[in-house]
Amino acid sequence: MANYLFVLIAGISIFCIAAALGFLYFNEPSAATAPAGPRDRRSRHRFAIRGEAILSWQTDREGAESTHTSLIDIDEGGASVKSPLALDEGTYVYIEIPHLQSATTANVRYCAEVGRRWVLGLEFRGPLFSKITGHPQSVQFTR
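So that you can map any letter, position 23 of the sequence shown is 23 in my numbering, and since no number is skipped, the others follow by simple counting.
A hint or two may mislead.
[As the list claims (entries may be wrong)] Quick list of the computed label-pair ranges, beta carbon to beta carbon:
id, residue 1, residue 2, range
1, ARG116, GLU89, 28 to 34 Å
2, THR133, PRO84, 29 to 35 Å
3, GLU113, ILE54, 18 to 24 Å
4, ILE132, ALA86, 31 to 37 Å
5, HIS68, GLU123, 16 to 22 Å
6, THR133, ASP60, 30 to 36 Å
7, HIS99, ASP60, 27 to 33 Å
8, ASP60, PRO127, 28 to 34 Å
9, ASP60, PRO84, 16 to 22 Å
10, SER130, ASP88, 15 to 21 Å
11, GLU52, GLU76, 18 to 24 Å
12, SER130, ASP60, 16 to 22 Å
It should be emphasised that the hints constitute simulated quantities derived from the structure, not laboratory data. Remember, it's a predicted structure, so these values are computed and weren't measured experimentally. Beta carbons are placed, not taken as given, at the ideal position from N, Cα and C, and that holds for glycine.
Produce the complete structure using the sequences and hints provided.
Pasting the structure below:
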């Protein structure tokens, strides 16, 4: 009986250690731990959101690039996204949010490395436009 109990405790211990190591290895730091830029001067509350955003921008060689990002949060004035690429502060981007059927332009206000990705703070340069009608879209973000 003592051997059975020892083997059971040893097995559970090994499992817990392996699970903890796997969690530490595979888990990226949360976007909540990302810096909010030089100083968080937002006048509006940001709302957590899940979904894809596609960023496009002009390159120095008169070409265009784009990348798929994950939305972190959003409000009427901007959004935060998790990106596989770093973009320079001040980069002018076109942001398309497919599941809201919306798009607008924005400036990159900050870029911070978090884990193996980059958190970009985007300040919208105008309202979100409906991809269907082309008119400004009244998107209400409420608590």
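Hint-by-hint comparison with the structure:
Checked against the hint of 28 to 34 Å, the C-beta distance between ARG116 and GLU89 comes to roughly 21 Å, which is inconsistent with it. In this structure the supplied range 29 to 35 Å holds for THR133 paired with PRO84, their Cβ-Cβ distance being about 31 Å. For the hinted restraint 18 to 24 Å between GLU113 and ILE54, the CB-CB distance of approximately 21 Å keeps it satisfied. A C-beta distance of roughly 32 Å is found between ILE132 and ALA86, which places it inside the suggested range of 31 to 37 Å.
Range check, HIS68 to GLU123: about 20 Å between beta-carbon atoms, so the 16 to 22 Å window is met. Our hint of 30 to 36 Å for THR133 and ASP60 holds, since their Cβ atoms are close to 34 Å apart. At about 32 Å, the CB distance of HIS99 to ASP60 agrees with the hint of 27 to 33 Å. The hint said 28 to 34 Å for the Cβ distance between ASP60 and PRO127, and at roughly 29 Å that hint holds.
Distance hint check: the CB atoms of ASP60 and PRO84 are about 20 Å apart, consistent with the given range 16 to 22 Å. In this structure, SER130 and ASP88 break the distance hint of 15 to 21 Å, their C-beta atoms being roughly 29 Å apart. For GLU52 paired with GLU76, a C-beta distance near 20 Å keeps the hint of 18 to 24 Å intact. Take SER130 and ASP60: their Cβ atoms lie about 32 Å apart, and the range 16 to 22 Å is violated.
Checked against the numbered hints listed earlier, the structure breaks hints 1, 10, 12; every other hint is satisfied.
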